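Asker: So you can see what is in the structure, the chains are spelled out below.
There are 2 protein chains.
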Amino acid sequence: MPSLRRTALDQYAERVRPEYERALRDLVEIPTVSSHPTHRADMRRGAEAAASLVRAAGGQARVLRTAGHPLVVGDFPAPRGTPTVVLYNHLDVQPAEREAEGWRTEPFRFVRRGDRYFGRGTTDDKGPALAALFGVRAAREAGVPVGVRLLWEMEEEIGSPSLEPQLRRLATREPPHSVVVSDAAWLDRRRPTSIAGLRGFIGFRLVLDTAEGEAHSGDVGGAARNPIAELMQLVAELHDARTGRVKVPGFYDDVVPLTRRERDDFRRSGFSLATYKRDNHLRLLRATDPALVLERIWARPTFEVHGVVGGYTGPGIKATVPGHAEAKVSCRLVPRQRPERIARLITAFVRKRNPDVVVHAEGASLPYEGSSQGPVADAVRGAMSFAFGRTPAFVRDGGTIGAVVSMGRILRCPIGFLNLSLPEHGYHAPNENFDWGQAAGGMAAFARYLEEVAQPRGAKGSRP
Amino acid sequence: MPSLRRTALDQYAERVRPEYERALRDLVEIPTVSSHPTHRADMRRGAEAAASLVRAAGGQARVLRTAGHPLVVGDFPAPRGTPTVVLYNHLDVQPAEREAEGWRTEPFRFVRRGDRYFGRGTTDDKGPALAALFGVRAAREAGVPVGVRLLWEMEEEIGSPSLEPQLRRLATREPPHSVVVSDAAWLDRRRPTSIAGLRGFIGFRLVLDTAEGEAHSGDVGGAARNPIAELMQLVAELHDARTGRVKVPGFYDDVVPLTRRERDDFRRSGFSLATYKRDNHLRLLRATDPALVLERIWARPTFEVHGVVGGYTGPGIKATVPGHAEAKVSCRLVPRQRPERIARLITAFVRKRNPDVVVHAEGASLPYEGSSQGPVADAVRGAMSFAFGRTPAFVRDGGTIGAVVSMGRILRCPIGFLNLSLPEHGYHAPNENFDWGQAAGGMAAFARYLEEVAQPRGAKGSRP
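Those protein sequence lines, which keep their order, are chains A and B.
Mapped onto numbering that gives the first Met the number 0, the consecutive letters of the first sequence carry residue numbers 0 to 463.
Mapped onto numbering that gives the first Met the number 0, the consecutive letters of the second sequence carry residue numbers 0 to 463.
If you are wondering where the hints come from, they were derived from the structure by calculation, not from laboratory data.
Please note that the accuracy of each hint is not assured.
Repeated chains share a single entry, so a pair holds when one copy, or any two copies, can fit it.
Pairs of lysine to aspartate or glutamate residues, derived as EDC-like cross-links and limited to a Cα-Cα distance of at most 16 Å, are as follows [stated by the list, open to error]:
1. Lys276 with Asp25
2. Lys276 with Asp208
3. Lys276 with Glu47
4. Lys276 with Glu100
5. Lys276 with Glu211
6. Lys351 with Asp263
7. Lys351 with Glu100
8. Lys351 with Glu236
9. Lys276 with Asp288
10. Lys276 with Asp187
11. Lys276 with Glu423
12. Lys276 with Asp41
13. Lys276 with Asp74
The structure displayed is predicted, hence computed values, not measured ones.
Build out the structure end to end from the sequences listed, making use of the hints.
Answerer: Shown next, in the form of structure tokens:
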């Protein structure tokens, strides 16, 4: 089997670049916002467009119906006796509102500025998905003997509610070699990272109705209950906003302290507090020691408020008491914390503090506990070193990929992470973007990962 | 001097009804929203339209420029040796958003349904202002010997910032007999009320910036400060949302307990808790005893949250940490509480609890301490009994009319209140409306008030 060369892959990338950009434009300009029911038709269109791209790359593609949004499956069958690798990405995106969020371009227009691609979903996760597809094509064209199954989900941003039944249907008698996930960002553009742990997630909408509509605060102020104020008080009872500490009894019971080795890994990750603040546009933090910041975002659970609905939000003041309010909140969870237990604790706490508040659960995802050791981690290390010229650091990620835990369990194989996004790409933020350097590097990394699987290091060493 | 008769006034009202409705349409369809800078031209247009209506009724009208929005002054000069009465109304209105607030008709379209008139400003305060104008015309046509000055303000909803300098310019050597204010609602459509006390107001925007924009809570959650959560905690520290009790030290220092007589007056006011809840669309209250509810809305200060800006407010959850948040809050104040002292206490408290929060004051109005005794109260009692067939109850009002305190002090005369709005008119609420019964009754009440002033009860008794 011929070994892939970096120069050949660079030439391949330059050759397919116009195709890659056209494909990314096609996907970005379909607003596949999974959390909005109004986008149901877009989800379908997005899936069909993705399937066409798989077919154009020489694969077989299916769009599977689910109870929710569809799942795209792309197959490049394995030559007899060779393993199959599953490559997971997702094609659904976060909502985006140009005015409210301050986008400089239309969120659902693909805008190229030099080597940079702007638009919702460019980096999360349509750009990386297409880097995987073009990497697979490179490996197939070079004759790398391995099968590939692409799993392109469309419910990642809403906690993957339909994925598990689909995975059970797709599970094969012979488990795949591995699942490779590409849906996370490096800490710094100079240091590739892979992932040995993810946080889980559980969201809630806390809803309180006290009146049929708003009323004049001169008429009712003092007698009427104020639903926004009561939700504010409830949230303040649930956690200390200044320190972040959750005040619900039992919340921290299952949190495992970091080992010395994990702390050392974190320290070697290339994390820079200044860069982190700049890339995330942060001015004020709850901690300033870098090690503490990393522990907070990777290894500690959170309670977060995302927004409040209800009341007046125009200029100045409007002296009314609203009749309805909703607080959108969530917790990030760390390995060993179970979402259903946390949901039980929080719901019981809310019921006790303010029985009129209705708790609506909004998505739940288990945290993921991975490793930096073993053959899959070795293949990831080889592929990223090859593609980006530096050994990746195995860190954690504070985000959540609901699908990861399900895939490991149901497909019965280990998980590897080929992260391609950069902090400056603006994950879930306005002016989200991806860039050609990461796309081309991603193609090389995926191609090489497949080769590492087809011809493990031990095997290579035994060649004549 | 001929005494006004009820039947003649009823005939007058029926005769002018088409004119009244045309005039109300003219005013309602100009969106005189004083709190929005974009409505500056509408304010001017509204003032000019009002001045034309005064002229059409036989008065002289001026539109006075101020540092803010204009003031309309309409004069019906006094015959030599007779007193002048100042009639105060306002022509600016609360903001209104059809979709967000659930209006059944366009807020700035005048819609007549039978005897009911819908549109923002119909009851607060354009409808009552025009009832006053047509009442003046009735009195003039009947030869009642009294002068009238109409003061139509356009900054009432924003705390009357420009009124005081104008009042100083308009103050006459000989003080007017009285100022009559018509800008409040009865408790029940069957019992007219007048007012012996008003709450003051002080508004604040509490603003916290922690980042240049929103960030993904997977990336920053735990390390980033959350400005909405911190404002929630701050508001919970400022007051207890369940009881309404303000926790700022010194806040209640100047609150005077109700006298037994005041409590008795409140009890005789015709207040019905069921009606109150229904008319204000309230489901849940902080108190259920009617006397306690009245004390809370008329005689106790408040802390209220009107809305929260910042973060995500669409469907579902969006897992981002906002970089900016603003809480719109206010206090209603009771007689003897001074807004500037309360502002100082709250600002100092906020600075101590969360020094990064910026406090923006938004309007301040003194509370008003009035009386149910004296010649002006007697004339009000006579006018309302005449027009509505029942002696009015002297109650308080939980709302704020910033101009009232200024007028009493600067024009050096007592204040009377001829309330015309009803609870079901939806003050400051969606589907605001006024009705012909209150408009026609209002014309009669104003005409009779002028007659009561021209020919006091004592004088009448001495006629041959």
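Asker: With 16 Å as the alpha-carbon cut-off, assign the pair Lys351 and Glu236 to within, between, both or neither.
Answerer: within (11 Å within a copy, 20 Å between copies)
Asker: Which holds for Lys276 with Asp208 at a C-alpha limit of 16 Å: within a copy, between copies, both or neither?
Answerer: between (38 Å within a copy, 14 Å between copies)
Asker: Since the copies are identical, ignore which copy is meant and state whether Lys276 and Asp25 lie within 16 Å (CA to CA) inside a copy, between copies, both or neither.
Answerer: neither (33 Å within a copy, 55 Å between copies)
Asker: Under a CA distance limit of 16 Å, which applies to Lys276 and Glu100: within one copy, between copies, both, or neither?
Answerer: neither (19 Å within a copy, 39 Å between copies)
Asker: Under a CA distance limit of 16 Å, which applies to Lys276 and Glu211: within one copy, between copies, both, or neither?
Answerer: between (43 Å within a copy, 10 Å between copies)
Asker: Is it within, between, both, or neither for Lys276 and Asp41, if the alpha carbons may be no more than 16 Å apart?
Answerer: neither (35 Å within a copy, 45 Å between copies)
Asker: Check Lys276 against Glu423 for me: Cα-Cα at most 16 Å, and say if that holds within a copy, between copies, both or neither.
Answerer: within (11 Å within a copy, 53 Å between copies)
Asker: Could you place Lys351 and Glu100 in one of the four classes (within, between, both, neither) given a Cα distance threshold of 16 Å?
Answerer: neither (36 Å within a copy, 31 Å between copies)
Asker: Which holds for Lys276 with Asp74 at a C-alpha limit of 16 Å: within a copy, between copies, both or neither?
Answerer: Classified as neither: same-chain Cα gap 41 Å, cross-chain 64 Å, threshold 16 Å.
Asker: With 16 Å as the alpha-carbon cut-off, assign the pair Lys351 and Asp263 to within, between, both or neither.
Answerer: Classified as neither; 42 Å inside a copy, 38 Å across copies.
Asker: Checking an output row: Lys276 and Asp288, CA cutoff 16 Å. Within, between, both or neither?
Answerer: within (12 Å within a copy, 54 Å between copies)
Asker: Taking 16 Å as the upper bound on the Cα-Cα distance, should Lys276 and Glu47 be classified as within, between, both, or neither?
Answerer: neither (39 Å within a copy, 54 Å between copies)
The structure fails to meet hints 1, 3, 4, 6, 7, 12 and 13 from the earlier list, while all remaining hints are met.
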